[in-house]
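Two chains, two frames, some hints: make the complex.
The chain contents come next:
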Amino acid sequence: MNSLVCIAYVPDTETRIKIAADGKSIDETDVKWIVSPYDEYALEEALRIKEAKGGGTVTVLTVGPERAKTGLRECLARGADDAIWVDATGTPYLDALGTARALAAAAKGGSYDFLWFGQKGVGYDESLVGPMFAELMDLPHVANVIKLEVKEGKITAHREIEGAHEVVECSLPAVLTAQKGLNEPRYASLKGIMAAKKKPIAEKKLAELVVPEADPANARTRWRKLELPPARVACKMVPGDDPAAAGKELARLLREEAKVI
Amino acid sequence: MKFLVFIEQRDGKIRKASLEALSLARKLGGGPAAAVLPGRGVTSLARDLGKYGAGTVYVADREELALYSTKGYVGALEAATKKESPDAVLIAATAMGKDVAPRYAARHDVSALADVMELRVEGDRLVAWRPVYSGKARAEVDCGAAKLQIATTRPNVFPAEGEDGATEPRVEPLELGDVAPRAKVVRVEASESKEIDVSEADIIVSGGRGIKGPENWPIVRDLQQALHAALGASRAVVDAGWIDHQHQVGQTGKVVSPTLYVACGISGAIQHLAGMSTSKVIVAINKDAEAPIFKIANYGVVGDLFKIIPEFAKAVRAAKAE
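Listed in order, the protein sequences are those of chains A and B.
All residue numbers for the first sequence refer to the working numbering, where the first residue is 36 and numbers rise by one.
All residue numbers for the second sequence refer to the working numbering, where the first residue is 101 and numbers rise by one.
Heads up, some of the hints might be wrong.
As the list claims (entries may be wrong) - Taking lysine-lysine pairs in the BS3-like style, the calculated list, with each CA pair at most 27 Å apart, reads:
| no. | chain 1 | residue 1 | chain 2 | residue 2 |
| --- | --- | --- | --- | --- |
| 1 | B | Lys312 | A | Lys271 |
| 2 | B | Lys284 | A | Lys182 |
| 3 | B | Lys183 | B | Lys151 |
| 4 | B | Lys407 | B | Lys387 |
| 5 | B | Lys395 | A | Lys294 |
| 6 | B | Lys407 | A | Lys283 |
| 7 | B | Lys171 | A | Lys143 |
| 8 | A | Lys294 | B | Lys171 |
| 9 | A | Lys234 | A | Lys143 |
| 10 | A | Lys271 | B | Lys380 |
| 11 | A | Lys294 | B | Lys420 |
| 12 | A | Lys294 | B | Lys414 |
| 13 | B | Lys171 | A | Lys283 |
Unchecked claim - According to the in silico footprint, chain A covers these stretches of chain B (three or more CB under 8 Å from chain A):
| no. | segment |
| --- | --- |
| 14 | 162-170 |
| 15 | 180-187 |
| 16 | 201-211 |
| 17 | 355-365 |
The hints are simulated quantities; they were obtained by calculation from the structure and are not laboratory data.
Ideal placement from N, C-alpha and C gives every residue a C-beta, glycine not left out.
Just chain B, same shape as in the assembly (with noise of 0.2 Å):
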């Protein structure tokens, strides 16, 4: 099965989750894929993707491709399409991949699987596992009968694995025709602080209405850096304003799999286990023992979380310093 993936790049750094998308073609096509790289400036970046897999890098580098739009970026993945007649393509399902998979996919006359966590090959066809009803359910999901087979995988999900003395992957730069796009990204605006964000977050502290309200961010706060973490928030504390609503964690927030979630003072809503119970640990620190966030959590503590998260990140601090 022939696979290429579309690889994202955000001021010249390449995304870990294309990586991990690249890693998976590789392991499921049982050899090198082959990869498309738009942007500006970004040949020099192609050579790195052997490592994870590519065997052939469709490059293209344009001036105008330095900002995403969905014209040039749907572009470049096309004329990739054309060069290499895969049998299906994978891209990792971040806001550009949301973005750039069903318009491609549209063109095709086909469909997506749209944020695979788990993804194999049985025949010709690829089948996936996917969480749906924001993870109270999962269906398996396949293509059809369709020729071309498109899926976007979760961020964090797959790993990216990198092999050294793997050979350098063969760099073809594209040929695009016109590329300027009725929808134009002019500027990029970083958000209040460079935080990680939740969904593409390792380690994720998430903090609910048991924190009692804003002026207690601080202690939260405290655990998410020992722990290098993202912050969180569940729907109350996004609704009451306490925090900006790109926090929240549910089913009307983000979707998130880290591989650890400690949610402080949340109780466990259907909405906000519905966006976090795929996290590979869950660690729940809250004052009311029967609270259904510990019939999904590994670890619980029942008691003061503003005695407790204090204390667990001192504990953190020095674990991390041994």
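Pulled out of the complex, with its shape left as it was, chain A reads as follows (with noise of 0.2 Å):
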């Protein structure tokens, strides 16, 4: 069984967001990048399938600048076969139709039974582009999945809703979406750090690619501006050392302030 993990090469989560001086992107310098967290669930995921079937090949997938190969090799450390590097040089943002639709011509000729994203992308926080990729490849999907049982041609999903799971069959292939909890993540060793340097890299460029979005002229969607929040009030302080004090006076400002009990 063949598995293709779409990943994104994201800010790190600690990262401190500074905004560029064109007010509508962020500033990149001192950014650490990072293969975005629930794109780690995906694969995990697919090389546990790997490893239980004893055969098939795992795929890794991005679209991004030279930075994102280093995604890729962190991916192919951990077990992965083989990459697919769309380089988007030149191409500073592209929408989620646009992604979806470069990773859709990229991943064609493939045969793939499962076609993996992370449920989203940390930084963007759309969870839009593997659902967009499964229409756009006329397959189905499950999103959200933190449970995952594979049988012949068909799985059974466990997909995080609020306060509850719906359990899904879904045929092969599919695109599944990974939520936190499908797996804990290997890291990667020494001996899988070595062997990723000599694995595959396939290169293609976007502009080869049919992606209209890739102009931004027909973004799908666009970021006018990007901003700090706005900054909270100062906190008021409340003395702790009578707690029964504390607590009636928080009760209180939460009533009477803030009425919002």
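Shown next, in the form of structure tokens:
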């Protein structure tokens, strides 16, 4: 069984965000980049399926500038077999549909049973690309997967919804988006890191794929402005030495001043 | 501007987040909006939508729609779109809405303004503010020149405004073709507890490493119950296995915007702040006066949370009993 894992290479979740001079993107100096955490669950599950079935391949795919190749190498070090890089140098912004379209174009010609995504790419936090990709590929999808059973030609997936799980039966091939809880991702071993250097990364150019959204004039969603969130008011401190008085005062403030209880 | 709003129901109950989206559509459109309501036995629910701004409700009431399926529910939205030809579609950014919106958008060759916290109309364009980098920044976004504009609205942010005396909506049944899905929900399993989920709670009480161990959850739970809140948690305690990840608030957990967020023993790592800094009122109880959580809290107490939380819970109960 073959898996394709589509990853996003994003600013580290611990990174402080600074606004760039253009006022609508982030200042990338000093930003540390990581494979989006949800994509790690996706990759891990693809590797486990391969190991459990004793065969098949795991291919990782991303669209982005040169640095995105580092993300692909990290995935190869963890055990993926090969990778595809869609070189988007010169295209600083691609909306969700454009991203899905570029990934779909790059995935064409491959033969995959599982097409994995993280449930969202941290940063843009849209949760759009996976299901959009499924629509463009005319495949079924199950989003927010936290548990998966693989049977012959089909799967049973548990998907997280508010306060419950939906248990979904789905034919293969299918697009799946991984949610935290699905598994515990492994770290790359030293041997894996060495082996990754020899694994192939195929390169495609975004400009050579048919992705109209790569032209800003065709963007289906655009960022007009980027701001830091408005500053919050200064914290009103309640003395904590007398717990009973502190508890009462907190309740009073929430009721009379903030009017939220 | 003509709005169509996707209405979500579960077990015959309309979701509040959908009423919020519907009220917003009425406000932005300056009059009644159209709505689409898929499900089984839902026709009787359609009338209630008038109060919240529905002029027409397209109802897809079928046995096969008893449980959610991407194909069936997106199909219903699609059928309503054909009849209504809207300029804009609003969908609550719930688990279901996040599943429907991208498939529907891609089918129409557009994208979506996802999880918006503010929405306005400029000429014939929707313009939104949405949190990015998990609330560490916010972006003003629009749909470019796209003909169909789609936005998903974050639950708990926009008011659901019912107006008494609103006229009853016109209810129009939808004919759907084959809705047999390739991905079929066969059953829904409730989580071990029938708790309110943090993503749709009005009040959240969260515990972090400061509670010292899972054996101390009852102390936090007591406050949670006094406030009728949902229980949240920091990544540290989820990763330590003290509680299930569905409670996790933060950049790799749920991103929430409740009216009141009470952080108990949470220092406020940037990871966590990213998930809850858009809360309206934040209370922090922590023994460390230097904890970053106090930088974003409205009210703070430095002290022993094992003594303060029970007293706070008691005072909340007393205040509510007044």
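Next item on the list: Sort out whether Lys151/B lies within 27 Å of Lys183/B, counting only the CA atoms.
Entry: With Cα atoms ~22 Å apart, Lys183/B and Lys151/B stay inside 27 Å; holds.
Checklist line | Pairwise hint evaluation, Lys294/A against Lys395/B, where the allowed Cα distance is 27 Å at most | finding: Holds. Lys395/B to Lys294/A sits at ~21 Å (cutoff 27 Å).
Notebook entry, point to check: Has the segment 180-187 of chain B got at least three residues whose CB is nearer than 8 Å to a CB belonging to chain A?
Noted result: violated (count 0)
Notebook entry, point to check: Between Lys294/A and Lys420/B, is the straight-line Cα distance small enough, at 27 Å or below?
Noted result: With a Cα-Cα distance of about 12 Å, the restraint between Lys294/A and Lys420/B holds, given a limit of 27 Å.
Notebook entry, point to check: Quick one, are Lys407/B and Lys283/A close enough, alpha carbons at most 27 Å?
Noted result: Distance ~13 Å between Lys407/B and Lys283/A Cα, so the pair holds.
Next item on the list: Given the hint that Lys171/B pairs with Lys283/A, test it: the Cα-Cα distance must not exceed 27 Å.
Entry: Status violated; Cα separation ~52 Å.
Note to self: Does Lys182/A sit within 27 Å of Lys284/B, going by the straight-line distance between their CA atoms?
What the structure shows: Roughly 16 Å separates the two Cα atoms, so the pair holds.
Checklist line | Satisfaction of hint between Lys380/B and Lys271/A, Cα-Cα up to 27 Å | finding: Holds, at about 15 Å.
Check: Does the alpha-carbon distance linking Lys407/B and Lys387/B stay inside the 27 Å limit?
Finding: holds, 11 Å
Check: Given the hinted pair Lys294/A and Lys171/B, is their alpha-carbon gap at most 27 Å?
Finding: violated, 43 Å
Check: Would the pair Lys294/A and Lys414/B pass a check requiring their Cα atoms to be no farther apart than 27 Å?
Finding: holds, 18 Å
Item checked: Within 8 Å of chain A (C-beta), three or more residues of the segment 162-170 of chain B -> With 3 residues closer than 8 Å to chain A, the segment 162-170 of chain B meets the three-residue bar; holds.
Of the hints listed earlier, those the structure fails to meet are numbers 8, 13 and 15, in rising order.
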